[in-house]
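Q: Protein chains in written order, with our numbering: chain A, 150 to 401; chain B, 1060 to 1201; chain C, 26 to 598; chain D, 46 to 235.
Calculated from the structure, these hints are not laboratory results.
Hints may contain errors.
Unchecked claim - Straight-line distance between alpha carbons at most 30 Å, and here's what the computed DSBU-like set of lysine-lysine pairs gives:
id : chain 1 : residue 1 : chain 2 : residue 2
1  : A       : Lys199    : A       : Lys216
2  : A       : Lys203    : A       : Lys213
3  : A       : Lys213    : A       : Lys199
4  : C       : Lys547    : A       : Lys197
5  : C       : Lys467    : A       : Lys197
6  : C       : Lys150    : C       : Lys54
7  : D       : Lys202    : B       : Lys1074
8  : C       : Lys547    : C       : Lys150
9  : C       : Lys327    : C       : Lys547
10 : C       : Lys467    : C       : Lys537
11 : A       : Lys216    : C       : Lys234
12 : C       : Lys467    : C       : Lys547
13 : A       : Lys213    : C       : Lys537
14 : B       : Lys1074   : D       : Lys153
15 : C       : Lys467    : A       : Lys216
16 : C       : Lys150    : D       : Lys153
17 : A       : Lys199    : C       : Lys547
18 : C       : Lys150    : C       : Lys234
19 : C       : Lys547    : C       : Lys54
20 : A       : Lys197    : C       : Lys150
21 : A       : Lys203    : C       : Lys150
22 : C       : Lys54     : A       : Lys203
23 : A       : Lys199    : C       : Lys234
24 : C       : Lys327    : A       : Lys203
25 : A       : Lys203    : A       : Lys216
26 : A       : Lys297    : A       : Lys282
27 : A       : Lys203    : C       : Lys467
28 : D       : Lys133    : C       : Lys150
29 : A       : Lys213    : A       : Lys197
30 : B       : Lys1074   : D       : Lys133
31 : A       : Lys213    : C       : Lys327
32 : A       : Lys282    : A       : Lys292
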Amino acid sequence: MILDSLLPAAASSYAADIDTLFDVITLLVGIPFLISCYLFFAFILRFKAKEGHKAMYITGTEHKYMKWIHRAHIPILTFDLVIVVMAVQVWYDVKQDLPEMESEVRVIAQQWAWTFVHPGADNVQGTADDITKINELHVSIDKLYHFKLESRDVLHNFSVPVFRLKQDAVPGRVITGWFEPVIAGEFDIQCAEICGIGHGLMPARIHISSASEHAAWVQRESAAALAQTHSPFTGVGTGPANVKPELQLVTR
Amino acid sequence: MSDDHAAHGDSHYVKIWAYLLVFLIISFVGPMLEIQWLTLVTAFGIAGIKAYLVVVNFMHINAAPRFVTYAVTTTLVFMLLFFAGAAPDVMQSSGTNWIKPAWIEAERAYEAGEVSGGGHGEAAGHGDEHGDGHEEAAGAHH
Amino acid sequence: MAESIPVGHGADHADHGDHGHHEMSFTEKYVFPLDHKMIAMQYMFTGMFMAIIGGFFAYVFRMQLAFPGIEVPGFGVVTPAAYNSLVTNHGTIMIFWVAMPVLIAAFGNYLIPLMIGADDMVFPKINRLSYQVFLVSAFVILGAFFVEGGAFGGAWTAYPPLSTKAEYNLSGLGSTMWITAVFLEFVAFLLGGINFITTAMNSRAPGMKMWDIPMVVWMIVIASILFMLSVGPLLAGGIMMIFDQNLGTAFFDPDRGGDPILWQHLFWFFGHPEVYVVLLPAVGIVADVITTFSRKKLFGYKTVLYTAIGTGVLSFTVWAHHQFIAGIDPRMANVFTVTTLLISVPIAEMLFVYIATLYGGSITLTTPMLWALAFIFEFLIGGVTGIFLGASGNDIFMHDTYFVLAHFHYTFYPIAIIGTFAGFTYWFPKMFGKMMNEGLGKLHFWLTILTFNGIFLPLFVLGAAGQHRRIYDFQNYPELAQPWMQDIRQFATICLCVMLGAQLIFFYNVIKSWMSGPASGKNPWRANTLEWTAASPPPHGNWPEGLPNVYRGPYEYSHPDREEDYWPQNEPA
Amino acid sequence: MSRPIATTRSMAGIPTARLAVWWIIASEIAIFGGVLGSYLMHRLAHGIWADYAANTNEWLGLTNTFILLTSSLAAVLAHQAAERGDGKRAANLLYATCAGGLAFLCVKAYEWNYEISHGMTITSNTFWSFYYTAAGIHALHVIAGCILMLFVAQTAKRNEELHRVEIIGVYWHFVDVVWIFLFPLLYIAK
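For reference, chain A alone in the conformation it holds in the complex:
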């Protein structure tokens, strides 16, 4: 639909579903909206005051008038129902359901930077070859990722518009979600929850590359990570809420 041109590129497996939902809602609320507008303006123009003409006396309890209001509820309720069903379906797929993962990244928000911990060549989190990047998330196309979202200080929001993905990072919680990139490219990651004066200065980038390019990147970076002796966390942020041991406890 023409409305899709308003939206950013659809780069995740579920972006198209959300866009479809957007289109359906536009259609379903657009129709009643246009009809209401038509009646509204038609009534204003049709019933302008004329000299010597008295208005009708309608109490609004007469069945012949009231039935029009009541009948209007049938389409509205039907449209509502369609929207609810579709919305819940999309919501379930994106937020509640957790498909089998192929790789896992950790996303750690803090004032005012993103830390992304990618698994190394072994594709396992929490090992020495993990690749820690600041404000850069590298993922491979057509691979299903889980992300574990944490915050070190205040609320942040991990928002990737091209994925249609958004989730608050809440301190004290580890929130799991998933995405599967479907097109390659480099896109914005925004922080979508106000997090202090640097809220506007938290841009990160997501790099989606083909499987082979991504594998090459992982090889290169995890070798470099292994070469360094310190743990992935040292040097990342010295904020008041230093990395707590609890945060390591990310498995259920």
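Since chain A is already given, all that's left is putting chains B, C and D on it; use the hints.
A: Chains B, C and D only, in chain A's frame:
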């Protein structure tokens, strides 16, 4: 302003007060049996009864128009609603696709007997005892 | 008027007959008044003053968005910290210090006693106290701009831990002042709310039954009830937040056993009904205006009333749709999606009823009528765009984008600005005894409406493109720094400047009409409700000659048995 | 200044002041509901809170409940006296109620003093934060009630404004009811 309740003499109120005291004693003695469900029943069930006695006999809610009762109950229902809406997040230490690691750890430490709240330990989140627990206030050391 | 015979209270009247004749000093009359009309004016003009401040904030941060880094005329360079506090206080002020005082307190105070045929509020002293607490709260929120660290900048929702820890928000005193001001403001409105509810319930003129109460009075009362029943948790939360900030408790601190999500629930449990608290009075004003100027009975008086009550009750069940992606359990989102979309049913019914009221009318497009019609149209846009956000699946993408921002401005702007202008221009003759200039009024109307749509319609487009709120400079985000987006931002900002400028016409019109407008007489609009039977402006005591009695409903326009097309409520059959 | 006629009407079938106090109570329920609801969520979530709660002194809680219940009795008897037009007795009973409130606050002060001096302060942990906040908000209501009651007693003594005795009584009973729930929540349930 008065209607039916004016008919009562002072003795009626003294009688209600005596009931209240009896219930108070029961709710106080109940927990001493150290049966948890009984504690809950005596503590909160009796609180409900006492509140009802006060609201009906002292506050004369029945003498006020019916909508007063409705307004008060509506508020109570809204509060339950608030509880029901917020509890799945605040009361739980884990849910669909999220966990609160600190709460889970604190609960584990408590279950394992590593910490107790007998003294005035730090926040539940840390679970680490301050160490200078007081004997007078203990009572709950395992 | 001859029909204003005091019945049943003759004895009272003799006792209290000295109302209007009591000589009062200047302070007694204007600074510490007990008269509901003067308190209403205090609220009205304080609210308008705060609106100017809120508008100025909007001007400053819109300038920054359109022309990043420029020295904004009248303010200077906007730093990120300044941007955050401007955005935060724009939201807080516009809702709590403009919409609430003007729509509920000012119109409530002015209209309730006049419309129900009483000589004052039932608790004049509590009424006065309410305004004084409100005034203090206004000083506190504005004072925060002059303390060390500046005003609070953590958004009007004040999510902890950002709002509770000075090391995160860098404005410790400012955030305490913010929550204190909000707390005081709520206390003021609790005091006011008691007054509105009890006055309307108890002090109606003899003969005024439930269904004879003008809609605006009903709506203000329902709004006050909603407010009183929903604000409690947030008052409790406010105390907890003040303790967290200053005493070192940890209610919302996850590091020490608290939970930040708890605040969100406490806040939005109030925050969502709050939308309806300000909506309903505006809806009531619109009901009175469109019936008067289409000379029609309100289409289904009870229908409007039931939809308002239904909306009010439902509004307590939907609050977590503000938190869909804020870390609440995803299962809960399904419940709240259903309840949220259900609210579309009563609201749609209400708007249909208003549109149906126009049917068969005899419509005169005066300035107040234009505002009322604009309210219906703009609120319709606000309503339908809300569906996008209430649907949880779509909200994953839309949440906290400019789509949300545009949506709630399409609801709050009609409510707080358009509704207020409708009411103010409609009751101006009663308040000041003078007619407003129609030409200037219409010029002001068209400029305001066109620029309003010019500001916010494009923002829907930006929101759909993924632009997030509360970011002070989009140049840091390559996808948001595209030239076409910057053009839209500049267009919106220019529209805003024109709109703010257009308000000068309004103030000029008010002052000029007040000074030298034509006298209005008692009932310039030939309306039915009781306030039009009092003198313009009504003296202290409203009807010194005796309080009116009521014989019929408020919307008996164009009754077939009558030659005239209106039938005042106090005219005996 | 004379009172508006509006205050003398009662279309809803209930005197205005009584109507107002019920609405105040409704909104107060929401305030306490917010605090206690939040407390309950934590209380049910953390097993350790039962241990914390064990530190509260249930004997003092019992004493305070007894004091409040008895002061409520005095308040309702004052209302009865006012109803009979006996302003003097009503005023005396209101003073007795006030004395009850004062005794309540004294016990509270002793209790808090003991707890704070033994290291259980409002910042110790979230349980104690809730403990002091909930009881503190309640204590503020007690103080406000006492002050208002003194004013009411002053006028009642002169046999004026006797209807106010009932209003302040209803408010006082509500404060009592809140304590009836605070007592098991903070002291009994362990």
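Q: Next step is simple, just say for each hint if it's right about the structure.
A: Do the hints match the structure? See the list:
no.	hint	in the structure
1	Lys199/A with Lys216/A	holds (28 Å)
2	Lys203/A with Lys213/A	holds (21 Å)
3	Lys213/A with Lys199/A	holds (26 Å)
4	Lys547/C with Lys197/A	holds (25 Å)
5	Lys467/C with Lys197/A	holds (17 Å)
6	Lys150/C with Lys54/C	holds (13 Å)
7	Lys202/D with Lys1074/B	holds (27 Å)
8	Lys547/C with Lys150/C	holds (28 Å)
9	Lys327/C with Lys547/C	holds (29 Å)
10	Lys467/C with Lys537/C	holds (15 Å)
11	Lys216/A with Lys234/C	holds (27 Å)
12	Lys467/C with Lys547/C	holds (23 Å)
13	Lys213/A with Lys537/C	violated (48 Å)
14	Lys1074/B with Lys153/D	holds (27 Å)
15	Lys467/C with Lys216/A	violated (36 Å)
16	Lys150/C with Lys153/D	violated (33 Å)
17	Lys199/A with Lys547/C	holds (25 Å)
18	Lys150/C with Lys234/C	holds (27 Å)
19	Lys547/C with Lys54/C	holds (23 Å)
20	Lys197/A with Lys150/C	violated (46 Å)
21	Lys203/A with Lys150/C	violated (46 Å)
22	Lys54/C with Lys203/A	violated (44 Å)
23	Lys199/A with Lys234/C	violated (34 Å)
24	Lys327/C with Lys203/A	holds (24 Å)
25	Lys203/A with Lys216/A	holds (24 Å)
26	Lys297/A with Lys282/A	holds (15 Å)
27	Lys203/A with Lys467/C	holds (25 Å)
28	Lys133/D with Lys150/C	holds (27 Å)
29	Lys213/A with Lys197/A	holds (23 Å)
30	Lys1074/B with Lys133/D	holds (24 Å)
31	Lys213/A with Lys327/C	holds (17 Å)
32	Lys282/A with Lys292/A	holds (19 Å)
Comparing the model with each numbered hint stated earlier shows that hints 13, 15, 16, 20, 21, 22 and 23 do not hold.
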